[in-house]
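J.: Assemble chain Z onto chain B, guided by the hints.
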Amino acid sequence: MRERHLVAWRIGGEQGQGIDSTGEMLATVCNRLGYYIYGYRHFSSRIKGGHSNYKIRISTEPVLSTSSDTDVLVAIDQETIDRNHHELVPGSIVIADARFSPQLPEGCPARLLPVPLTQIAQDLGDAVMRNTVSLGVSAYLLGLPLQEFEKALQERFAKRPELAEKNVAVLRAGYEYAQEHLPRLEWTLAPGDGKARLIMMGNDAVALGAVAAGCRFCAAYPITPASEIMENMMAILPRFGGVVVQAEDEIAAISACIGAGFAGARALTATAGPGISLMQEAIGLAHAAEIPLVIVDTQRGGPSTGMPTKQEQSDLFAILFGSHGDTTRIALAPSTVEEAFYDTVTAFNLADKYQCPVFLVSDLSLALNKQTVEQLDLSRVTIDRGLLLTDEEIAAQAEEDGFRRYRITESGISPRPLPGQPKGQYLATGVEHNEFGKVSEDPRNRVAMMDKRWRKIPQDPRQMGLQGIKYSGPANPDVLLVGIGSTFGPIDDARKALSARGFSVGHAHVRVLAPLPVAELSELMAKATHVVVVEHNQQGQLLQLIEYKVGKALREQGVDLPMMHSVRKYDGTPFLPAEIVARAQEVIRYAEAS
Amino acid sequence: MLKLADFKTNEKSWWCPGCGDFGVLAALQRALVDLGKPPHEVAIVAGIGCSGKIGNYINCYNFHVVHGRTLPTAMGLKLANRRLTVIAAGGDGDGYAIGGNHFLHAIRRNVDITYIVMDNQIYGLTKGQVSPTSGVGFVTRSSPHGNIERPVRPLQLAIAAGATFVASGFSSDIKQLASLIKQGIEHKGFALINVYSPCVTFNKVNTYDWFKETLINLDEDPNYDPTDRAAALAKLIETDEQVRGLVYKAEQPSFEELFPGFREEPIVHQDWTMPPEEFEKLLARYR
Chain B
9 MRERHLVAWR IGGEQGQGID STGEMLATVC NRLGYYIYGY RHFSSRIKGG HSNYKIRIST
69 EPVLSTSSDT DVLVAIDQET IDRNHHELVP GSIVIADARF SPQLPEGCPA RLLPVPLTQI
129 AQDLGDAVMR NTVSLGVSAY LLGLPLQEFE KALQERFAKR PELAEKNVAV LRAGYEYAQE
189 HLPRLEWTLA PGDGKARLIM MGNDAVALGA VAAGCRFCAA YPITPASEIM ENMMAILPRF
249 GGVVVQAEDE IAAISACIGA GFAGARALTA TAGPGISLMQ EAIGLAHAAE IPLVIVDTQR
309 GGPSTGMPTK QEQSDLFAIL FGSHGDTTRI ALAPSTVEEA FYDTVTAFNL ADKYQCPVFL
369 VSDLSLALNK QTVEQLDLSR VTIDRGLLLT DEEIAAQAEE DGFRRYRITE SGISPRPLPG
429 QPKGQYLATG VEHNEFGKVS EDPRNRVAMM DKRWRKIPQD PRQMGLQGIK YSGPANPDVL
489 LVGIGSTFGP IDDARKALSA RGFSVGHAHV RVLAPLPVAE LSELMAKATH VVVVEHNQQG
549 QLLQLIEYKV GKALREQGVD LPMMHSVRKY DGTPFLPAEI VARAQEVIRY AEAS
Chain Z
2 MLKLADFKTN EKSWWCPGCG DFGVLAALQR ALVDLGKPPH EVAIVAGIGC SGKIGNYINC
62 YNFHVVHGRT LPTAMGLKLA NRRLTVIAAG GDGDGYAIGG NHFLHAIRRN VDITYIVMDN
122 QIYGLTKGQV SPTSGVGFVT RSSPHGNIER PVRPLQLAIA AGATFVASGF SSDIKQLASL
182 IKQGIEHKGF ALINVYSPCV TFNKVNTYDW FKETLINLDE DPNYDPTDRA AALAKLIETD
242 EQVRGLVYKA EQPSFEELFP GFREEPIVHQ DWTMPPEEFE KLLARYR
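Sequences listed follow chains B and Z, in order.
To convert a position in the first sequence, counted from 1, into my numbering, add 8.
To convert a position in the second sequence, counted from 1, into my numbering, add 1.
Bear in mind the hints are in silico, worked out from the structure with no lab data behind them.
Every residue gets a Cβ at the ideal spot worked out from N, C-alpha and C, and that includes glycine.
Watch out, some of these pointers could steer you wrong.
Unchecked claim - Chain B is nowhere near these chain Z residues, computed Cβ spacing over 10 Å in every case: (1) Arg-31; (2) Leu-36; (3) Gly-37; (4) Thr-127; (5) Gln-130; (6) Gly-136; (7) Gly-138; (8) Arg-142; (9) Ser-180; (10) Phe-203; (11) Glu-221; (12) Ala-232; (13) Leu-234.
Said to hold, decoys possible - Derived lysine-lysine pairs resembling DSSO-like cross-links, with alpha carbons at most 30 Å apart: (14) Z/Lys-176 with Z/Lys-189; (15) B/Lys-446 with Z/Lys-128; (16) B/Lys-478 with B/Lys-557; (17) B/Lys-446 with Z/Lys-183; (18) Z/Lys-282 with B/Lys-159; (19) Z/Lys-13 with B/Lys-431; (20) B/Lys-431 with Z/Lys-176; (21) B/Lys-431 with B/Lys-446; (22) Z/Lys-189 with B/Lys-431; (23) B/Lys-460 with Z/Lys-13; (24) B/Lys-361 with B/Lys-478; (25) Z/Lys-282 with B/Lys-174; (26) Z/Lys-183 with Z/Lys-4; (27) Z/Lys-4 with Z/Lys-38; (28) B/Lys-431 with Z/Lys-9; (29) B/Lys-557 with B/Lys-361; (30) Z/Lys-250 with Z/Lys-213; (31) B/Lys-460 with B/Lys-361; (32) Z/Lys-183 with B/Lys-431; (33) B/Lys-446 with Z/Lys-13; (34) Z/Lys-9 with B/Lys-446; (35) Z/Lys-38 with B/Lys-446; (36) B/Lys-446 with B/Lys-464; (37) Z/Lys-4 with B/Lys-446; (38) Z/Lys-282 with B/Lys-167; (39) Z/Lys-4 with B/Lys-431; (40) Z/Lys-13 with Z/Lys-128.
Same shape as in the complex, but just chain B (with noise of 0.2 Å):
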């Protein structure tokens, strides 16, 4: 028998179905056999009906990305299989529910195995157990150890042990089944290395970063896909004496986040576009009464409402160039789970050490999709405060030259006292303001205070001791592939790909979007026949981005831009490896043709 080292693994039916408990079940399984995951979540902005699925990949080897392939589809529904099918590939089964007698379209390649799943959870106990049913047969069918799912559904069901012991039944009567009627597979699953792992989701990642960060307060408003980031703080918070408000409103969650910063806690607020767009005044304020912060973006699907619930990359702008004004930024770009987690630490003492607020720029695929993650580090978890001020050197401040809190230094940086500090007492205010926080219009002081703000935040990551660009790939390639966030997965597995097929690729990853890495960029650029730049959003935000700035810098040095081609996709979906494997080559041919 013909052993594999990933497998793709769907369920689909109604929204509301238990679909996703379904897949995280699998998912917790397989994890715990030592398995790497990455899950892909197909739903809708409704609550119950309309179709939904979710997809597994699961693999002996590290995955970021989601397929074109499916290798088992579970079918509580024919509209499962109607959306679906085309994913099938030769060898791949479909388990289906008899109830509906389902059918494959003609010409489909894989082998239909219709299995009376609502039968079995109604002859035990309950239809709605359907789902059980179908795990205790792909259990079977891909060779995994039943008893590590019993477990898995007692512990899910650890309040509630009469249905712990239903849901166990039901889970052995769909393995039992598939052992006397369904025929062995011509493949099966290599075991997993036992070794058991995190599985969790961007949104996890950035709560348990936060707290293990010192975050002790977080305000939000709930928005698809941010939500479990604010939920996960309610969790976890009461344990550590913070505080958590669902405010009324974004612009409430911000400004309660600024009035926690400004007191010398640290604050986070979660959200994604539309919340972005009200936020812009109150960012305004932060910068330029110099209060740390840290703002989440899980872009989806915008303008406007958009698509709550589909992936996109199209707030760049809005989070280099919203609020009014000159302002500067620091846009942290993760691009997997686990940078995720280290990034909102590294966030959060940008925050403290610049007194500005810092963007953590996530997306929907990094949000809730979940993926392996190794075990975090907590000795890499760093407080750093900055630069505050004890009450002696406020003191000897006040006693000198009186106390100056927004002191032109050369750094730009001005030591900070805290509310409750004594002698400390200062004006802080997003009107333009002299050294002491009083409101001043005086050209000289005005210019003075705008070049602080600018002067302290450093023009390149490396200056901030961050790693600007993520590189794989060859020295000089020919063909660069440019992403951010998400896309990490898809574009990695695109340039492996590719370079199977000849071409000399490298992927430039950029994790800090602003400031931009431009001396990395440009370094590379130099170097490179063509430059793609694979981004979720249509108007190719990040390729702009790179043209003007990385452009500007080549320009200077003499050089021109190399061939500049972009990769777009805002249907909704994330890139799939073939899609910008196509696209890249397509692009590439196209350009050495004309």
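T.: Relative to the frame of chain B, chain Z by itself:
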């Protein structure tokens, strides 16, 4: 011993001579002295408009925020450091127009902050437009044919929304106002003090003399019971809110006291280091 001078700054005022806000500033400084709160333990979050400039003239930690957002900002500040005396201050436009929704939600949360609204029934700093508390028929630059919108009644609104402390002040009676502010600060939970603070430049209707004639002093009425919610609402309806004094007061736990895991130690003073065994517990659900 604290003195009034401890709360003063040497900043020259931008307010017009005779502005009602001078009285509010004096009463606030008086209240803080009486309470013995040292300036560094007091934080004031002020909004935009003439009233929002109050932070320039009082020595304490001040935060001058964007228009209408004093209450959520003050909430974050208080929740981060519950040892501070946190006061939000703004005008009728700031609080009841742009910040109207925050007003409702600050009331329902009952965070321990004191909210002082300098209500002059007009937009002063933008030179005389109609405000949410302007009376019907009021002629302003933005209502040249007379105001056709009915005014917000903040005291009734607050009580109806579940406020636990509601008072009405008049800026020319500094003594009473200082006493109301003091009670508001001492009150555990959200305290609203709406202050009739005349705009001498743009509001020629709701003048000092007009208020002196119309305002009924509840503090001088021995039959008025400020703990009776229905009676308070009835009085406000009957008088069209032309009252001053303590209107309503109830004892309710504050938001921060009710929040699960409440600690006396303010967030900013806690040790934020994550113990490895606690971190392991957090990770357990992801295995």
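J.: Each hint: holds or not?
T.: Do the hints match the structure? See the list:
{"no.": "1", "hint": "Arg-31", "in the structure": "holds, 18 Å"}
{"no.": "2", "hint": "Leu-36", "in the structure": "holds, 16 Å"}
{"no.": "3", "hint": "Gly-37", "in the structure": "holds, 15 Å"}
{"no.": "4", "hint": "Thr-127", "in the structure": "holds, 16 Å"}
{"no.": "5", "hint": "Gln-130", "in the structure": "holds, 20 Å"}
{"no.": "6", "hint": "Gly-136", "in the structure": "holds, 29 Å"}
{"no.": "7", "hint": "Gly-138", "in the structure": "holds, 33 Å"}
{"no.": "8", "hint": "Arg-142", "in the structure": "holds, 24 Å"}
{"no.": "9", "hint": "Ser-180", "in the structure": "holds, 25 Å"}
{"no.": "10", "hint": "Phe-203", "in the structure": "holds, 22 Å"}
{"no.": "11", "hint": "Glu-221", "in the structure": "holds, 37 Å"}
{"no.": "12", "hint": "Ala-232", "in the structure": "holds, 30 Å"}
{"no.": "13", "hint": "Leu-234", "in the structure": "holds, 24 Å"}
{"no.": "14", "hint": "Z/Lys-176 with Z/Lys-189", "in the structure": "holds, 22 Å"}
{"no.": "15", "hint": "B/Lys-446 with Z/Lys-128", "in the structure": "holds, 24 Å"}
{"no.": "16", "hint": "B/Lys-478 with B/Lys-557", "in the structure": "holds, 18 Å"}
{"no.": "17", "hint": "B/Lys-446 with Z/Lys-183", "in the structure": "holds, 27 Å"}
{"no.": "18", "hint": "Z/Lys-282 with B/Lys-159", "in the structure": "holds, 19 Å"}
{"no.": "19", "hint": "Z/Lys-13 with B/Lys-431", "in the structure": "holds, 21 Å"}
{"no.": "20", "hint": "B/Lys-431 with Z/Lys-176", "in the structure": "holds, 28 Å"}
{"no.": "21", "hint": "B/Lys-431 with B/Lys-446", "in the structure": "holds, 16 Å"}
{"no.": "22", "hint": "Z/Lys-189 with B/Lys-431", "in the structure": "holds, 27 Å"}
{"no.": "23", "hint": "B/Lys-460 with Z/Lys-13", "in the structure": "holds, 26 Å"}
{"no.": "24", "hint": "B/Lys-361 with B/Lys-478", "in the structure": "holds, 24 Å"}
{"no.": "25", "hint": "Z/Lys-282 with B/Lys-174", "in the structure": "holds, 29 Å"}
{"no.": "26", "hint": "Z/Lys-183 with Z/Lys-4", "in the structure": "holds, 16 Å"}
{"no.": "27", "hint": "Z/Lys-4 with Z/Lys-38", "in the structure": "holds, 11 Å"}
{"no.": "28", "hint": "B/Lys-431 with Z/Lys-9", "in the structure": "holds, 13 Å"}
{"no.": "29", "hint": "B/Lys-557 with B/Lys-361", "in the structure": "holds, 25 Å"}
{"no.": "30", "hint": "Z/Lys-250 with Z/Lys-213", "in the structure": "holds, 25 Å"}
{"no.": "31", "hint": "B/Lys-460 with B/Lys-361", "in the structure": "holds, 14 Å"}
{"no.": "32", "hint": "Z/Lys-183 with B/Lys-431", "in the structure": "holds, 23 Å"}
{"no.": "33", "hint": "B/Lys-446 with Z/Lys-13", "in the structure": "holds, 11 Å"}
{"no.": "34", "hint": "Z/Lys-9 with B/Lys-446", "in the structure": "holds, 14 Å"}
{"no.": "35", "hint": "Z/Lys-38 with B/Lys-446", "in the structure": "holds, 23 Å"}
{"no.": "36", "hint": "B/Lys-446 with B/Lys-464", "in the structure": "holds, 21 Å"}
{"no.": "37", "hint": "Z/Lys-4 with B/Lys-446", "in the structure": "holds, 23 Å"}
{"no.": "38", "hint": "Z/Lys-282 with B/Lys-167", "in the structure": "holds, 19 Å"}
{"no.": "39", "hint": "Z/Lys-4 with B/Lys-431", "in the structure": "holds, 16 Å"}
{"no.": "40", "hint": "Z/Lys-13 with Z/Lys-128", "in the structure": "holds, 21 Å"}
Consistency with the previously given hints is maintained throughout, with no hint failing.
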